[in-house]
Amino acid sequence: MSTTSITATTARQRVPQGRLGVPWLTAMPLAVVLAYADGFWMTSLRGAVGSIERTQGPFASWLRESTIVLPFFVLAVLGALTLALRLFGSELRRSTTVLATALLVVGSGTVVGIAEMAASSAYDYYLQSGQLQLMDAMRDTCAGGRCLAQEQQASLWLQVRAVGYGSGILLVTNLILVGWVVAIRGGRLNLSRTLAADQAHANRTDGSRLLLAAGLFGSAAIHAAVAPEHLSEWAAAGVFFLVLAAAQLAVAALLLVRRQPVLLLAAALASLGPLALWLYARTVGMPFGPGAGVPERIGLADCAACVLQVSTLLAAVVLLRGRGRPRRRPTSAHVTWLTLVAVTAVTVIGLAGSGLPWFEDFAGSGGQSVMAPPH
Numbered sequence: 005m006s007t008t009s010i011t012a013t014t015a016r017q018r019v020p021q022g023r024l025g026v027p028w029l030t031a032m033p034l035a036v037v038l039a040y041a042d043g044f045w046m047t048s049l050r051g052a053v054g055s056i057e058r059t060q061g062p063f064a065s066w067l068r069e070s071t072i073v074l075p076f077f078v079l080a081v082l083g084a085l086t087l088a089l090r091l092f093g094s095e096l097r098r099s100t101t102v103l104a105t106a107l108l109v110v111g112s113g114t115v116v117g118i119a120e121m122a123a124s125s126a127y128d129y130y131l132q133s134g135q136l137q138l139m140d141a142m143r144d145t146c147a148g149g150r151c152l153a154q155e156q157q158a159s160l161w162l163q164v165r166a167v168g169y170g171s172g173i174l175l176v177t178n179l180i181l182v183g184w185v186v187a188i189r190g191g192r193l194n195l196s197r198t199l200a201a202d203q204a205h206a207n208r209t210d211g212s213r214l215l216l217a218a219g220l221f222g223s224a225a226i227h228a229a230v231a232p233e234h235l236s237e238w239a240a241a242g243v244f245f246l247v248l249a250a251a252q253l254a255v256a257a258l259l260l261v262r263r264q265p266v267l268l269l270a271a272a273l274a275s276l277g278p279l280a281l282w283l284y285a286r287t288v289g290m291p292f293g294p295g296a297g298v299p300e301r302i303g304l305a306d307c308a309a310c311v312l313q314v315s316t317l318l319a320a321v322v323l324l325r326g327r328g329r330p331r332r333r334p335t336s337a338h339v340t341w342l343t344l345v346a347v348t349a350v351t352v353i354g355l356a357g358s359g360l361p362w363f364e365d366f367a368g369s370g371g372q373s374v375m376a377p378p379h
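Take my numbering: the last position of the sequence shown gets the number 379, and nothing is skipped along the way.
Keep in mind that the hints were calculated from the coordinates and are not lab data.
Built from N, CA and C at the ideal position, the CB exists for glycine as well.
It cannot be assumed that every hint is accurate.
Unchecked claim - Here are the computed distance ranges between Cβ atoms for each label pair:
id : residue 1 : residue 2 : range
1  : P291      : F63       : 38 to 44 Å
2  : Q264      : L344      : 21 to 27 Å
3  : A280      : A123      : 33 to 39 Å
4  : R325      : F63       : 42 to 48 Å
Please model the complete structure; the sequences and the hints are all you need to start from.
Structural data, given as structure tokens:
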């Protein structure tokens with residue numbers, strides 16, 4: 005073998021130094037496309053054969069549920085691309101390896117989509133079975149409950165057929181969409197990024213601080229969304245939510261540009277204070293204002309805000325306790341960005357339950373007020 009051919013072979017086999025990982029910008033577009041496209045078909049299928057209670061507000065249902073399952077699609081795509089990285093190497097030089105990688109992504113995304121559809125159909129059948137039992141109790145036309153059993157069996161078979169047909173639709177849809185994404189990327193899929201790239205990213209923006217700031221941004225968005233409703237009910241409550249949202253936004257913005265320890269303490273207080281107030285209002289009731297002394301009901305928006313604030317409080321405590329200790333190995337970019345996706349999902353769920361007009365236009369009834377007294 006000539007020296008030239010040996011050099012060429014060595015160049016082809018050369019891979020970046022360090023541990024390889026799948027780039028986030030490769031995985032995220034594929035996961036988003038699959039999650040929301042599969043969610044569209046699931047919502048459409050529910051409108052055709054699902055329980056009537058779940059057919060109201062299809063747009064809000066599609067947006068909310070697709071966002072909830074987005075992290076599962078991200079994990080599926082990351083798993084498929086990681087498997088392709090192990091099987092085919094960091095560079096996909098042939099069209100056959102690109103095609104095989106795309107098929108792995110399609111397969112993993114379709115499995116998650118089918119699981120989501122099956123869970124939705126099972127819940128639909130549960131609701132429909134309850135309706136059939138209620139209807140059967142109101143009539144006396146069948147002996148021995150044979151009509152009820154036949155109707156339940158027919159309902160179950162309908163849901164099974166719907167999942168079967170829907171699985172085929174999901175597979176075809178995912179094939180087309182993944183093909184389009186690969187085509188838009190010029191027929192290439194970048195599968196590798198070295199640990200050095202992750203290290204450089206960790207040096208620019210600490211992952212824990214980024215997640216802490218994201219949680220505060222999400223909490224502030226939900227609190228700002230519910231402020232107009234509270235202003236109309238009780239001005240003091242509306243002003244409180246506006247001030248709280250502004251404070252959380254300010255702390256989150258400062259965390260991204262400065263590294264003073266006092267900011268971590270401020271972030272902990274901006275999370276702990278609203279949590280303590282929420283717990284008091286839901287167990288004892290506020291001592292003043294409308295509905296004084298009456299425990300307030302729990303709504304979707306305040307639950308989402310509490311999840312975000314518990315997360316930010318824990319992150320702030322971990323960062324405060326870690327000051328002065330030896331620097332640990334940087335968190336994987338996949339873990340950081342997957343957590344950001346989860347934070348975004350919780351924020352969207354909270355906004356969907358906040359009563360924003362542009363959500364209510366599609367959802368019909370909207371969400372429950374964060375501090376509205378019970379009727």
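Evaluated hints:
1. A beta carbon spacing of about 40 Å between P291 and F63 agrees with the range 38 to 44 Å that was offered as a hint.
2. Judged by the Cβ atoms, the range 21 to 27 Å given for Q264 and L344 holds: they are separated by roughly 23 Å.
3. Distance hint check: the CB atoms of A280 and A123 are about 35 Å apart, consistent with the given range 33 to 39 Å.
4. Evaluation of the 42 to 48 Å hint for R325 and F63 yields a pass: the beta carbon distance comes to about 44 Å.
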